[in-house]
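Following the hints, complete the assembly by docking chain B onto the known chain A.
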Amino acid sequence: MATVATCGGDAVGVGSAVATASKSNVTSFQRRGPRVSGTNDSGPRLVSITGTRPSVRNGQLLVSTGLPALDQLLGGGLAVGTVLLIEEDKYNIYSSLLFKYFLAEGIVNGHTLLVASANEDPANILQELPAPLLDNCKKEFDEDVYNHKTPESNIKMKIAWRYQLLPKMEQIRPVSSSRFGHYYDASKRIPQELIEASKWHGFFLPEKISPTLKVEPCSLTHGYIKLLQFIQNIIYEEGFDGSNPQKKQKNILRIGIQNLGSPLWGDDICCTENGDSGHNLTKFLYVLRGLLRTSLSACIITMPTHLIQNKAFIAHVTNLSDTVVGLESFIGSERETNPLYKDYHGLIHIRQIPRLNNLVCDESDVKDLGFKLKRKLFTIEWVQDNYLRQERNIYPPGFSYLLKQKDSAWGEGSLQHSTFLMSFLAKGMGFPFFQLKLLLKDGFVLIKKGMLRDDSLRCSHSAI
Amino acid sequence: MFPELNNLLNTTPDRAEQGKLTLLCDAKTDGSFLVHHFLSFYLKANCKVCFVALIQSFSHYNIVGQKLGVNLTMARERGQLVFLEGLKSAVDVFFQAQEKPHPLQFLREASAGNLKPLFEFVRDALKPVDSGAAGWTYPVLLVDDLSVLLSLGLGAVAVLDFIHYCRATVCWELKGNVVVLVHDSGDVEDEENDILLNGLSHQSHLILRAEGLATGFCRDVHGQLRILWRRPSQSTSQRDQSLTYQYKIQDRSVSFFAKGMSPAVL
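So the protein sequences, as listed, match chains A and B.
Take 1 as the starting number for the first sequence in the working numbering and just add one per residue.
Take 1 as the starting number for the second sequence in the working numbering and just add one per residue.
Since no wrong hints were added, every one of them can be taken at face value.
Quick list of in silico lysine-lysine cross-link-like pairs, BS3-like style, CA-CA up to 25 Å:
hint, chain 1, residue 1, chain 2, residue 2
1, B, K175, B, K44
2, A, K367, B, K259
3, B, K44, B, K67
4, B, K20, B, K44
5, B, K88, A, K250
6, A, K342, A, K367
7, A, K367, B, K28
8, B, K88, A, K226
9, A, K311, B, K28
10, A, K248, B, K88
11, A, K367, B, K248
12, A, K247, B, K88
Ranges of calculated distance between the beta carbons of each label pair, as one might list FRET restraints:
hint, chain 1, residue 1, chain 2, residue 2, range
13, A, K188, B, M74, 50 to 60 Å
14, B, K175, A, K248, 42 to 52 Å
15, A, P263, B, R252, 46 to 56 Å
16, A, V56, B, R231, 40 to 50 Å
In short, the hints are calculated from the structure, not lab data.
None of the values given here were measured: they were computed from a predicted structure.
Where a beta carbon is used, it is the ideal one built from N, C-alpha and C, also for glycine.
If we strip away everything but chain A, and leave its shape as in the complex, we get (with noise of 0.2 Å):
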């Protein structure tokens, strides 16, 4: 049952879907649990699809983002109903990695795709795609991690962990397995079977608008708005907001847009410092957000940030998105010989995370994240000093406390160290000011007071 991508008939019918979805009272929004009164949704339909769980701190109803890496920092996954904003490294290769990922795992728990590009064609993109690692492959790459430092003793493991294996899995459909978030191997391409059992979706940018079109001028750019309305089509056409009356969903719609931003798309936001003078990926952006709230969908966009030179837009953007994420590779940066992140290929920010149906969110203590890409794992870490680690523990804050010189990993003496710890643990405090008192030979005292700056624990020293 192969599926070709259902690219026609998109603006057929946009307005009469309108009239009635707006009467719909669907939101991906749900309390899972006893029934709240007040809210008009059956409650416990939104549970049993597959690949989705219920968040534990609000009863969200969570996607995974094909990373559980990632989806451990946002807080379990990304919820129903919103936007994962991925700003682009400067080559656009762990972005669109990430992008990748995301389709694949729709793909593994059979959800419904929508893929949407200016410059590649969406039956490429899927091509593309790393194969998903299945229940009896994840032994051989755990072999894999370990397997460097014992070889003579696994052996003999191998053979044993071989015949506790459960049963090749056979099916071609997407493995429904039960678990949440899966791992990829980005080294070898998805199986076509893979591609041919799912639903997808693709909208080419240069195969919907023609260039010689005459468009008078309106509030967005022509390709954003086909594109919206292709969103919005697919979205009544095949029930994901409730308000079909013969298509009863019961499944995710995820809808990957690249580049989002770029010269491509019609958008000049990129090229000149005041561009997007129409406010046009802004109020797409709104609009977007606005689908998807009232739809069980969940979106990921990439953009290429580093080009738009209006930070003020950035900030705009950031504000209209859910959840932002910020990929810094180190490619060509100076960073690349920088003894500190020698494992690691990029840093990952995190940019924000959403407060949804709740005051707190699921923020993570840690703000200095770097990633490595290994063949079948992608891997996100503190980048820290190994031994920091540990010291946090032991060094809580509000106490003063006499350090002696220890073995560092910087190895450059104990004052760069001590005052980095200082700094470190200064943080606890809110308080930007922290001295550090250090014991020299024949009763001399060297006195050194930082001021820490931002969230990253570099800080500034002032003299003596």
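Chain B only, in chain A's frame:
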């Protein structure tokens, strides 16, 4: 509403001041907890509330409101709350041409529009019903948030005009209150936002400013709240009173404490 914040502001739902403009702003942090506070505060004070919610959906405010002790669905049903859900209305107005002007009509216009339809919506929502049987104390307009209007293409002057009209109607004519939230972009150069923020700061009677800590993220202290009481109409020779507290947001409440006196540190 948060009882600790009521103590700091020296108000209760029974004896709140009328005819005031309150400005909420946040810098480098999320100030939406203040919006939830004022929404539940005025609903408990038995006021007629018009809530222009541009950034989140109705169920979000409803669920948080239930944690704070108010039921928005029931308030909407009995007419105490008029709720404009920006996200849902934007989809309606964008895909279908409307016969009569929609409050978010500016989304359809190519050039910068004005907020006259939105003001008319607010005025119709809050004008006193002739029968007077409902018995609401005074009307309140709550907007979350105004920076979204700037992002969507309106100029700072258009937004200031809208607030001016709202103040004239709600604060002066109907003796009600207006509460608005504006994001402060901080060190990012955003001219329009600065104009809006400065303009509103000069007109407000009370400014609540939620700021992130200068040292960055901290698990026990989520930010710092600066409260500034102003008297815009009187002479500026009297000094405005200002207080600063640090706060931590919990599941159902927010706790406030003096700077450096977080329970985690003591």
